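S.K.: These are the residues of each chain, in order.
2 protein chains.
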Amino acid sequence: MQRELNLGPANGSVFAFDVGGTTIKAALIHPDGTMGPVHRMPTPAAGRETPWRLIDLIERTVHTLSPGSGGVSHCATAVVVPGIVDEETGTGVLAHNLGWKDVPFRSIFEQKLQMPIYFGHDVRAAGLAEYRLGAASGYENAIIMALGTGIAAALFVDGRLCVARGKAGEVGHLRVAAHAACSCGATGCLEAISSAAAIARRYSARSGIKVAGADEVVRRLRDGDRAAEEVWGEAVEALAEAIVQISALLGPEVVVLGGGLAEAGTDLFQPLQDALSDLGAATLPLILPASLGEDAGVVGAAIAGRQQL
Amino acid sequence: MQRELNLGPANGSVFAFDVGGTTIKAALIHPDGTMGPVHRMPTPAAGRETPWRLIDLIERTVHTLSPGSGGVSHCATAVVVPGIVDEETGTGVLAHNLGWKDVPFRSIFEQKLQMPIYFGHDVRAAGLAEYRLGAASGYENAIIMALGTGIAAALFVDGRLCVARGKAGEVGHLRVAAHAACSCGATGCLEAISSAAAIARRYSARSGIKVAGADEVVRRLRDGDRAAEEVWGEAVEALAEAIVQISALLGPEVVVLGGGLAEAGTDLFQPLQDALSDLGAATLPLILPASLGEDAGVVGAAIAGRQQL
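For the record, the sequence lines run as chains A and B. Residue numbering for the first sequence follows the working numbering, beginning at 445 and increasing consecutively. Residue numbering for the second sequence follows the working numbering, beginning at 445 and increasing consecutively.
Derived by calculation from the structure, the hints in this document are not laboratory data. These numbers come from a predicted model, not from an experiment. One should not assume that every hint holds.
[To be verified] Partial chain B-side listing against chain A, Cβ under 8 Å, derived:
(1) Ala608
(2) Lys654
(3) Ile690
Glycine residues also receive a C-beta, built at the ideal position from the N, C-alpha and C atoms.
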């Protein structure tokens with residue numbers, strides 16, 4: 445993250461948490477808009493107790509980060525998580541990887557921490573950060589896609605984030621690849637061919653070589669590995685298809701790509717532009733890399749949390 | 445249209461116009477919320493003079509419909525048109541069928557009529573009517589698709605209509621049929637296989653029999669015509685694909701189908717439900733027929749026009 449990032453003045457401090465599948469990022473944002481160091485801690489392992497262990501960990505971290513004797517009267521806490529999240533009711537509706545279903549996180553945090561709470565979605569939070577301060581700033585209609593283990597997106601239309609009770613932006617399940625079976629039960633989902641998990645899995649299946657992740661496939665691609673080229677090429681083509689679909693439906697000015705896969709740089713963006721040109725859609729948005737890096741989620745949580753002050 | 449429709453009381457009268465490719469519908473909506481008869485008149489033929497002839501026709505009709513001596517101080521006019529429309533600036537950006545490009549309709553009507561003007565999009569207006577008073581009322585997240593000569597949709601997310609400078613809702617150009625060439629220059633667009641125009645054209649190409657329109661294909665389908673069954677089946681399957689894509693992206697509770705094709709009734713809705721089940725998407729919205737009929741556009745224009753009073 446750019447350390448010079450400043451969110452502008454606000455009425456108090458915010459404790460911002462971005463809960464990932466393996467790591468939680470936490471930071472304190474001061475009233476002057478500056479952000480303290482981003483702390484990283486392991487996410488409690490998935491299981492029946494995960495929500496409670498997560499709640500305890502966040503509660504303890506808030507107290508640890510608490511800025512001296514200021515008390516909690518001018519503080520808020522923002523927590524964003526993966527899966528399906530209903531921002532309106534503050535509920536963690538479903539998170540396969542973390543093993544919870546219908547947990548009323550916001551109410552629990554409100555009782556435990558006795559301060560205003562924002563509870564939201566990790567990809568929408570990262571998208572909010574890119575929309576306000578990053579690559580999508582200055583555009584009114586923008587899609588920010590997170591290309592990681594899964595694929596999801598934050599959709600901004602007419603300057604507003606689309607939520608639809610947490611169901612908007614599930615672009616990982618756009619159907620773009622007739623043959624690939626997805627973990628959701630359907631076939632042909634974008635996520636089943638273009639996610640980091642799918643790229644690693646499909647490379648291993650094709651080459652017989654086990655790889656740790658998609659970044660290893662990218663390295664092999666650079667070394668001229670034929671199977672890596674094929675798997676990566678199919679992933680990029682499916683992503684281009686998805687961008688054409690999203691553009692037809694929502695007419696964004698810009699599509700911003702973030703998440704681990706976007707770190708492949710020109711290995712992603714150059715063939716993607718070529719694939720988009722080949723598809724011959726009438727109008728296409730600008731395609732840009734995300735600019736806030738892996739802390740976009742915690743920055744977005746902070747932006748949303750400050751609205752609670 | 446149901447004659448008992450009432451828009452509720454407002455501060456004045458609205459002259460509402462729905463400009464179609466061949467017919468203009470016009471109605472006066474009274475302050476008590478009742479709507480006068482819907483008048484139909486031919487749309488001026490496409491050409492360089494179309495915008496001016498249309499403006500003259502609407503100006504004359506406003507004066508004809510004008511409710512006695514009430515003057516214009518408590519009146520507004522609402523005009524909705526097809527193509528790409530920028531509601532924010534009141535511009536008719538592009539209408540292939542009517543032959544205009546970047547016409548500042550709202551400003552022109554304001555000068556000519558000396559009253560508040562709403563200038564908008566026909567499909568979004570019809571969608572607004574279905575969302576407020578028709579099949580989609582009571583839902584927060586709803587897609588209203590107009591299946592006619594072309595295919596477009598009004599997208600409601602979080603209770604708000606998505607516009608994106610007039611580019612949102614171009615669902616006719618979702619890519620769902622790899623082989624079909626579309627008039628937009630791309631291949632595989634929904635509109636190239638599932639629109640009324642495409643169904644008639646594809647039936648004629650397959651059977652060698654010239655038909656007047658898609659309704660004739662539906663009649664032949666009911667008589668067991670093999671080519672009609674094939675063409676209709678492909679149209680329905682592509683529509684199911686599009687609905688799955690829209691649902692993955694926007695998570696609507698309901699998809700409402702209107703326009704000429706939706707009048708096929710169970711010949712459309714039954715095979716569509718079957719095709720949706722076959723696609724095996726994780727969650728699917730409710731599929732409902734539009735309920736306001738062919739006057740939905742003029743009702744929607746009236747609703748938007750009343751906000752200008």
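S.K.: Hint by hint, work out which the structure violates, then give me just those numbers in ascending order.
M.R.: 2
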